[in-house]
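In case you want the letters, here they are:
2 protein chains.
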Amino acid sequence: MREVVKIFKALSDPNRLRIIKMLQIRPLCVCEITEVLQLATSTVSKHLSILRDSDLILDEKDGKWVNYYLNHPAADPHVSKLLPLLEKWLPDDAIIRQDAEKVKSVDRNAICGV
Amino acid sequence: MREVVKIFKALSDPNRLRIIKMLQIRPLCVCEITEVLQLATSTVSKHLSILRDSDLILDEKDGKWVNYYLNHPAADPHVSKLLPLLEKWLPDDAIIRQDAEKVKSVDRNAICGV
DNA sequence: CTTTCATTTCGTTGATTAGCGAAATATATT
DNA sequence: AATATATTTCGCTAATCAACGAAATGAAAG
Numbered sequence: 004m005r006e007v008v009k010i011f012k013a014l015s016d017p018n019r020l021r022i023i024k025m026l027q028i029r030p031l032c033v034c035e036i037t038e039v040l041q042l043a044t045s046t047v048s049k050h051l052s053i054l055r056d057s058d059l060i061l062d063e064k065d066g067k068w069v070n071y072y073l074n075h076p077a078a079d080p081h082v083s084k085l086l087p088l089l090e091k092w093l094p095d096d097a098i099i100r101q102d103a104e105k106v107k108s109v110d111r112n113a114i115c116g117v
Numbered sequence: 004m005r006e007v008v009k010i011f012k013a014l015s016d017p018n019r020l021r022i023i024k025m026l027q028i029r030p031l032c033v034c035e036i037t038e039v040l041q042l043a044t045s046t047v048s049k050h051l052s053i054l055r056d057s058d059l060i061l062d063e064k065d066g067k068w069v070n071y072y073l074n075h076p077a078a079d080p081h082v083s084k085l086l087p088l089l090e091k092w093l094p095d096d097a098i099i100r101q102d103a104e105k106v107k108s109v110d111r112n113a114i115c116g117v
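Going line by line, the protein sequences match chains Z and X.
Basically our numbering = 1-based index in the first sequence + 3.
Basically our numbering = 1-based index in the second sequence + 3.
For the record, the hints were derived by calculation from the structure and aren't laboratory data.
Keep in mind that a hint or two might mislead.
Just so you know, same-sequence chains aren't split out, so a pair can sit in one copy or run between any two.
[Claimed, not checked] Within a straight-line C-alpha distance of at most 35 Å, the following computed DSBU-like cross-link-like pairs (lysine-lysine) qualify:
no. : residue 1 : residue 2
1   : K49       : K64
2   : K91       : K67
3   : K105      : K9
4   : K107      : K9
5   : K67       : K105
6   : K107      : K91
7   : K64       : K105
8   : K107      : K64
9   : K91       : K105
10  : K105      : K84
Make the full structure from the sequences, and use the hints.
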């Protein structure tokens, strides 16, 4: 039960939901997510840590960056059911739409210097 | 988005999850849930209020008692997807199983005096 | 009408959590 | 090897939340 509670807890913060919706579009690094959410880098890192510890996302080193992406298909049976649901949810939410637009153009090379 | 966050928040407490699982068996009143969970009545009432405000459950006056039951089928599209999922989850969890046994025999007439 | 009773609401407390800046870390770059 | 960089971790603060007992509420029972 602790695992299920953990997953729901991870999903019960608006910014973490936004991150999930952003990662549905493409994998992103911390600085890109930071740019879109307009939070401190440390805050974003903490949120990502919570999502990773709930098995909702995975990370992968990519040169200077760490890419985060959805854990789909997931080994965890609960995550494997929730992520497809979340894919269909909130398509018309204004904030989610704005984030999506930004995700299309946000560029780690521009943010972090050439 | 606020609504989705609200639902996940409602589901992110172990006792509230237990309540949901109990209500999958049959409708229950506050004193019956209180008996099973071994919490203060005020705490149970508060939990039920959170679940009702998230559209996960409904209430109905029944003589001296207020019955609470799952909001299924739900008008809310998110709840209508999550409740069937939760029906299948945690079938082997020890605490959930113990609660289920107690739900079978808990009796409001015995708890609240004849 | 009065008393009883199940539930809800309120106020308090200690625990948890989201946000931030600073410090530390792990590498990539020079 | 030294420097730069993206990220993570740490420490702190203010806000939020679960638990409880007390008080209030809305009927049901007598």
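Against the structure, the hints come out as follows:
no. : hint         : in the structure
1   : K49 <-> K64  : within (17 Å within a copy, 45 Å between copies)
2   : K91 <-> K67  : within (33 Å within a copy, 42 Å between copies)
3   : K105 <-> K9  : both (29 Å within a copy, 25 Å between copies)
4   : K107 <-> K9  : both (30 Å within a copy, 28 Å between copies)
5   : K67 <-> K105 : within (22 Å within a copy, 55 Å between copies)
6   : K107 <-> K91 : within (19 Å within a copy, 37 Å between copies)
7   : K64 <-> K105 : within (23 Å within a copy, 50 Å between copies)
8   : K107 <-> K64 : within (21 Å within a copy, 52 Å between copies)
9   : K91 <-> K105 : within (19 Å within a copy, 38 Å between copies)
10  : K105 <-> K84 : both (27 Å within a copy, 29 Å between copies)
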